[in-house]
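> The chain contents come next:
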Amino acid sequence: MSITMQCRFVRDTFSINVDVSVASGCVLGIAGENGSGKTTTLDMIAGLLPCTAGSITIDGEVVDDSEMGTFLQPEHRGVATVFQGGGLLPHLSVERNLTFGRGRVLRSTPRFTEVVDAFDLHDLLRRKTNELSGGQRQRTSLARAFLSPSRILLLDEPTTFLDVDSRNAIRRLMKEWFETYEGTVVLVSHDSTEIEDLADVALRVNATRGTTTEANLVQG
Amino acid sequence: MTRRLSHPRGLSFLGLPAAGLVIVPIVAVVWRTPWSNFWSSISNDASRTALALSLRTSLIATLLALVFGTPLAWMLANSTFRGRAVVRALLVLPMVLPPVVGGVALLFAFGRRGLVGGVLDDWFGIRLAFTETATVMAEFFVAAPFFIVVMEAAFEQVDRRVLGAARTFGAGPWRSFLTVTIPLVRPSLIAGLVLTWARALGEFGATITFAGNTPGRTQTVPLAVYSALESGNDSALALSMLMVAVSVVVLVALRGRWISALRRGGE
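Residue numbers (the numbering used here), protein chains in the order written: chain A, -12 to 207; chain B, 90 to 356.
So that you can see chain A by itself, here it is in the shape it has in the complex (with noise of 0.2 Å):
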């Protein structure tokens, strides 16, 4: 799944030029300081948030067009997210965030076996998420990514407020997963030095402060 972003965001004092394309199978990585746009250029290949002008391409289909008034659904996008703390739904067991939106017969499917052995979490399937420490929270929610039929995966910030051990642990089961990863992965860090270890392509948000914020993420 390849990616073309040609679009811009704006809110209040806040403004994001993206011009970006991600091949398929690509993993591209983006850095930059906290408050650069980030987390809002997922947002927007997600379908949480419209880009205000221009347009997002996945696949060769339009997702996010302003002028053609073109806004696919999240739902429908084909793209799973790891979100800064796991996004996951507290309220829910380790076992039901895994397979939310699948229905119960992935679990007794080899791929969510092999999922579940690889992030070490069988001992945890009955646990609910909220009782989780940080890492296991992120490795439940990279499983959970690399369960999904989709053939994109966002990452944002995946090794934030961790300890030091925990984000090794992460970064080694990123990396090892990547590899044999079909789809495109977007990985979004404040962390350079994660982007040099991790990305195939590494990209950084240029933001000028002043009384507003214009940010930059152009590819050169």
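One or more hints might be untrue.
[As the list claims (entries may be wrong)] Here are the simulated distance ranges between beta carbons:
no.	chain 1	residue 1	chain 2	residue 2	range
1	B	Arg249	A	Glu118	17 to 25 Å
2	A	Asp6	B	Thr169	48 to 56 Å
3	B	Val176	A	Ala40	29 to 37 Å
4	B	Asn126	A	Glu118	49 to 57 Å
FYI, nobody ran anything at the bench for these hints, they're computed from the structure.
Predicted model only: the values in this text are computed from it and were never measured.
By construction, the Cβ of each residue, glycine as well, lies at the ideal position given by its N, Cα and C atoms.
Based on these hints, arrange chain B on the given structure of chain A.
Chain B only, in chain A's frame:
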């Protein structure tokens, strides 16, 4: 010498009158309740009718708050239309308005010559004032804002990231509302319902103004207490005692599990 950090000397003593003024009357009700004929006082026909009416109307008012207040609170928490602040202020107004004034307002809106009531009467022959429906409306008017306020705060605190994740993993807007948002606000929902019901059960001013004080039709327990007291009837104390007991039960229930939900909202 006591070994502790010193406090402003005498400050606590100034608080005693406040505590006394609140606690002594409650103690007095418990003290003076005619326990020997307590049961007969609350189970005579007039009391039983008032109790049944109170229970029925307050539960209907609470149910209406649930069914119509939840969407309204959700809308206030999630949309940014112009004049939202004004709408919110008007919706909360009944919480601070003297209930009698609320009753007057209801009368001029839904009474026979009221803004809406006039039309209802002329066109459909529907008269709302001084009926059991009016009792429900008065209770809703006074109590529903509590529910709306609690639920709006709860909806505002639902983590957008969690909802966003649910959407990307395939849940449509309705499905994420029902399977993610509602379970996340459930503690507040329960707390809000209990508070609303308690407020509806105790409603007096708006009810007596808009629905009147007709035994068997609009005379709820608080009105029955008032009437019984006027006529020097023993059941005033017994019914008061019952209301104190119900309030204590509500408080204990809220304290145990749900009072924190009022602050936390969702998660």
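> Indicate, hint by hint, whether the structure satisfies it.
Right, here's what the structure says about each hint:
1. B:Arg249 x A:Glu118: 17 to 25 Å: holds, 22 Å
2. A:Asp6 x B:Thr169: 48 to 56 Å: violated, 29 Å
3. B:Val176 x A:Ala40: 29 to 37 Å: holds, 31 Å
4. B:Asn126 x A:Glu118: 49 to 57 Å: holds, 53 Å
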